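Please arrange chain B on chain A, whose structure you already have, making use of the hints.
Those sequence lines, one after another, are chains A and B. Under this note's numbering, residue 450 is the last one in the first sequence; the count climbs by one each step, no gaps. Under this note's numbering, residue 450 is the last one in the second sequence; the count climbs by one each step, no gaps.
Calculated from the structure, these hints are not laboratory results. Source: prediction; values computed, not measured. Take these hints with a grain of salt, some might be off.
Which copy is meant is left open, because identical chains are indistinguishable; a pair holds if it fits in one copy or across any two.
Stated by the list, open to error - Straight-line alpha carbon distances no greater than 25 Å define the calculated SDA-like cross-link-like pairs of lysine to any residue that follow: (1) Lys401 to Asp412; (2) Lys401 to Gln416; (3) Lys446 to Pro338; (4) Lys401 to Leu215; (5) Lys401 to Tyr250; (6) Lys401 to Ala308; (7) Lys365 to Asp273; (8) Lys360 to Gln405; (9) Lys401 to Arg350; (10) Lys445 to Glu286; (11) Lys401 to Arg216; (12) Lys401 to Thr356.
There are 2 protein chains.
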Amino acid sequence: MTATIKHSHLIGSHNHPDIKRIRRLRDRAMREQTGQYYVEGLRFVANAFQSQAPVDMLVVCPQQLDHPYAERIIHHYQRVGVPVLEVTPEILNGISAVDDPQGIGAVVRQRWESLTRVTPGDELCWVALQIVRSAGNLGTILRTSEAIGGAGVIVLDEATDPYDPACVRATMGAIFRQRFIRTSIEKFRRWKQRHNYQLIGTSPSATTDYQDVHYHTPTIILMGEERKGLPQSLQALCDTVVQIPMVGESDSLNLAVATGVMLYEVFNQRRKKETSH
Amino acid sequence: MTATIKHSHLIGSHNHPDIKRIRRLRDRAMREQTGQYYVEGLRFVANAFQSQAPVDMLVVCPQQLDHPYAERIIHHYQRVGVPVLEVTPEILNGISAVDDPQGIGAVVRQRWESLTRVTPGDELCWVALQIVRSAGNLGTILRTSEAIGGAGVIVLDEATDPYDPACVRATMGAIFRQRFIRTSIEKFRRWKQRHNYQLIGTSPSATTDYQDVHYHTPTIILMGEERKGLPQSLQALCDTVVQIPMVGESDSLNLAVATGVMLYEVFNQRRKKETSH
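Only chain A is shown next, with the shape it has when bound in the complex (with noise of 0.2 Å):
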């Protein structure tokens, strides 16, 4: 099956102006500038469009798309507005990061709140960040945090950008429904004495053990960067720090396993008080 696109002409040049901006995407600075980001495979460009992502663009290779949801999926873009480029195979792999692009990727515009206007809710919990090197990790952060209805991520420092591509596939799609804010930890230290949030810390040399901890609903869990953990600053901040234990010539986790087993822990307290109810 080759997907059929109304009112489209074919692009087959790497100096298109749509064709250059989208690839230079991958650079932290066009994200920035332009506020967007691009997702790649019907898996992703699916869950955009399930999730009501803001898509402003749809990059097509019909020749590569044998899936009937792909059609349906870019008669609906077409019906709103939205541009669909029509491009070549060739085109189409040069601005894609995998191997395998699927013949369709989707420039999005990225989401983010403002903290000021943050307040506890039913959510869960958040989870906060200074540094995270590597996107992967941040990306499987957002992935677990989805899995146990975890609001999203409060991201303390510049460096650290939930759309850059690694990250983004990495997220199996959370990253449509996950909540973003930046700001800086002066910030962040000022809304937390306002609000009634639970801040958990985790370090290795903590003497509470994680599971001693009554998790409160909306709980923020305050991880450190990989190797180094939360500086001492950072720890000041937090109401509770605790330790996951471990055992052996251990002296750290992964980051992205540490989170995960932060969050489950949340999530099965949160279990827990409901069917005891």
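Just chain B now, with coordinates in the frame of chain A:
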């Protein structure tokens, strides 16, 4: 500081037979043929040294070494007759898969055990894995297994290789201390029938909550492939198949996170049992 190495001559050619052999250890075929693998950086070489891993050869670039501990390690291996190759920065970078090899690497012998010699002891648990697509996931699983006191992994297919360089790096040193077994599903099935191991599989479609199972010692946690999960044929071998609950749009967790959540449940149950005695 520049490390001093006795009785050594500087290698400056990429075509030196030892250098060519080490470079080829990136390939699975060469690792199989030689039964060796290559680790790099002071952290890993120091870990190999402390764990008494079977080091066959050391590769050293004296001008890039600036830690007295490195010199102690080098002198130890020289004393016990392990060859120490002294190389130029260009040669070390040429065999390295990381940005900063820190002036030192080691060729280490792989350690595999035979399943038939494994009998239930006082180990807390094993992880059995069918196919693991991501070497980073496999390494992260080994890192978590060490952290909770797990014995190691039982690999049920030929493709999955814990000695892949990306896996080794992700273990953060657990590669030297975890135990490794490779076997077939049929041999695993027969071995499991003879011994008193509890085999627990995971599947999103299982009806038993992973927290509602009492994990005996020793338990084997059986994890399926990324995305695909455990096939029916493997679920059929399990004493129980459990699910890790998820909410929202999530249909799966990252494999290393899911394994981490399972391993911490096994570990937490053991910890509670110990404190209640």
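Against the structure, the hints:
no., hint, verdict
1, Lys401 to Asp412, "within (21 Å within a copy, 40 Å between copies)"
2, Lys401 to Gln416, "within (14 Å within a copy, 33 Å between copies)"
3, Lys446 to Pro338, "neither (38 Å within a copy, 44 Å between copies)"
4, Lys401 to Leu215, "between (37 Å within a copy, 17 Å between copies)"
5, Lys401 to Tyr250, "neither (45 Å within a copy, 30 Å between copies)"
6, Lys401 to Ala308, "both (17 Å within a copy, 23 Å between copies)"
7, Lys365 to Asp273, "neither (44 Å within a copy, 39 Å between copies)"
8, Lys360 to Gln405, "within (17 Å within a copy, 51 Å between copies)"
9, Lys401 to Arg350, "between (29 Å within a copy, 23 Å between copies)"
10, Lys445 to Glu286, "neither (31 Å within a copy, 41 Å between copies)"
11, Lys401 to Arg216, "between (35 Å within a copy, 15 Å between copies)"
12, Lys401 to Thr356, "within (21 Å within a copy, 38 Å between copies)"
In terms of the numbered hints stated before, the structure departs from hints 3, 5, 7, 10, listed from lowest to highest.
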